[in-house]
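Protein chains in written order, with my numbering: chain R, 1 to 116; chain B, 1001 to 1109.
A couple of the hints might just be wrong.
[Stated by the list, open to error] Facing chain B, from chain R, some residues (calculated, C-beta under 7 Å):
| hint | residue |
| --- | --- |
| 1 | Ser43 |
| 2 | Leu44 |
| 3 | Ile93 |
| 4 | Gln105 |
| 5 | Phe107 |
| 6 | Gly108 |
| 7 | Pro109 |
| 8 | Gly110 |
[To be verified] With a straight-line cut-off of 30 Å between C-alpha atoms, the simulated DSS-like cross-links for lysine-lysine are:
| hint | chain 1 | residue 1 | chain 2 | residue 2 |
| --- | --- | --- | --- | --- |
| 9 | R | Lys66 | B | Lys1101 |
| 10 | B | Lys1096 | R | Lys55 |
| 11 | B | Lys1104 | R | Lys42 |
| 12 | R | Lys41 | R | Lys66 |
| 13 | R | Lys42 | B | Lys1056 |
| 14 | B | Lys1026 | R | Lys42 |
| 15 | B | Lys1096 | R | Lys42 |
| 16 | B | Lys1101 | R | Lys20 |
| 17 | R | Lys55 | B | Lys1101 |
| 18 | B | Lys1096 | R | Lys20 |
| 19 | B | Lys1096 | R | Lys64 |
| 20 | R | Lys41 | B | Lys1104 |
In short, the hints are calculated from the structure, not lab data. Each residue gets a CB set at the ideal place from its N, CA and C atoms; glycine is no exception.
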Amino acid sequence: GAVVSQHPSRVICKSGTSVKIECRSLDFQATTMFWYRQFPKKSLMLMATSNEGSKATYEQGVEKDKFLINHASLTLSTLTVTSAHPEDSSFYICSAGMTGPTYEQYFGPGTRLTVT
Amino acid sequence: SQQGEEDPQALSIQEGENATMNCSYKTSINNLQWYRQNSGRGLVHLILIRSNEREKHSGRLRVTLDTSKKSSSLLITASRAADTASYFCATRGSEKLVFGKGTKLTVNP
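For reference, chain R alone in the conformation it holds in the complex (with noise of 0.2 Å):
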């Protein structure tokens, strides 16, 4: 199957620095790639769909100011959360699709990112 690598794995920062977490498509092209966040024991919450060249559409709740996406190509998008705060402490996964009748997505193995 399509792979999906994110970069990096963890990441502690401290409190009011930005981090940024990349996604990338290793072996095909994504038109479209979704950032999730999930909270320990729970599910999978969509952050924000962002295709290429185009700006990321964000779900209700998520502040597109905190949370800034970028999907400059089509194998690599980026989330940069900015001015990081220990609420922001998650599991974040990113997934990537590509067009056609499967819909499948591919997701990425994860980043755990640390605020302290």
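Given chain R's structure and the hints, the job is docking chain B onto it.
Using the frame of chain R, we list chain B on its own:
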């Protein structure tokens, strides 16, 4: 908004037994997918069933879909300790995948 709701929330069985997890949803869908997540890891896609399909098999997995009841089930036969993980159903309407809360499956050796 939360779409899929899995039950049970947690399931503990012995190796060799079958595990059945259920998922209910509220709105119309194009397809329903099941994913597996090992603790602290990313998601692995298990199986996709389209809205016009009623049953699908993949190895030890069997998925059913009843669109009239807006429900799906995932059956894992002859479970193994390595099947221990959380299992999520996810429904797709137009473009977005909406995940349920998941079932935490523990298979005891």
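Cross-check of the supplied hints:
1. A least Cβ separation of about 5 Å between Ser43/R and chain B falls short of the 7 Å threshold, and the interface hint therefore holds.
2. Interface hint status for Leu44/R: upheld, as the beta-carbon distance to the closest one in chain B is roughly 5 Å, under 7 Å.
3. With a cut of 7 Å, the hint placing Ile93/R at the interface with chain B holds, because the nearest CB-to-CB distance is about 6 Å.
4. Because the smallest distance between the Cβ of Gln105/R and any Cβ of chain B comes to about 6 Å, under 7 Å, the interface hint for this residue holds.
5. Nearest Cβ of chain B to the Cβ of Phe107/R: about 4 Å, under the 7 Å cut. The hint holds.
6. Interface hint at Gly108/R: satisfied, since its Cβ lies 6 Å from the closest Cβ of chain B, which is below the 7 Å cut-off.
7. Taking 7 Å as the C-beta contact cut-off toward chain B, the hint placing Pro109/R at the interface holds, the least distance being around 4 Å.
8. The criterion of a C-beta within 7 Å of any C-beta in chain B is met by Gly110/R, whose closest approach is roughly 5 Å, and the hint holds.
9. Taking the CA atoms of Lys66/R and Lys1101/B, the gap is near 25 Å; set against the 30 Å cutoff, the hint holds.
10. For a cut-off of 30 Å, the pair hint linking Lys1096/B to Lys55/R stands: about 16 Å separates their Cα positions.
11. Straight-line distance between C-alpha atoms of Lys1104/B and Lys42/R comes to about 10 Å, which keeps the hinted pair within the 30 Å bound.
12. As the CA atoms of Lys41/R and Lys66/R are separated by approximately 24 Å, the hinted pair is consistent with the 30 Å bound.
13. In summary, the hint linking Lys42/R to Lys1056/B is supported, as the alpha carbons are separated by about 27 Å, within the 30 Å threshold.
14. With a C-alpha separation of about 19 Å, the suggested pairing of Lys1026/B with Lys42/R holds against the 30 Å cut-off.
15. Our distance criterion of 30 Å between C-alpha atoms is met by Lys1096/B and Lys42/R, whose separation comes to about 18 Å.
16. Restraint check: the Cα-Cα separation between Lys1101/B and Lys20/R comes to about 27 Å, which is no more than 30 Å; the hinted pair holds.
17. Note on Lys55/R and Lys1101/B: the hinted pairing holds, with a Cα-Cα distance of about 29 Å set against a maximum of 30 Å.
18. For a cut-off of 30 Å, the pair hint linking Lys1096/B to Lys20/R stands: about 24 Å separates their Cα positions.
19. Our distance criterion of 30 Å between C-alpha atoms is met by Lys1096/B and Lys64/R, whose separation comes to about 18 Å.
20. As the CA atoms of Lys41/R and Lys1104/B are separated by approximately 9 Å, the hinted pair is consistent with the 30 Å bound.
In summary, this structure violates none of the numbered hints.
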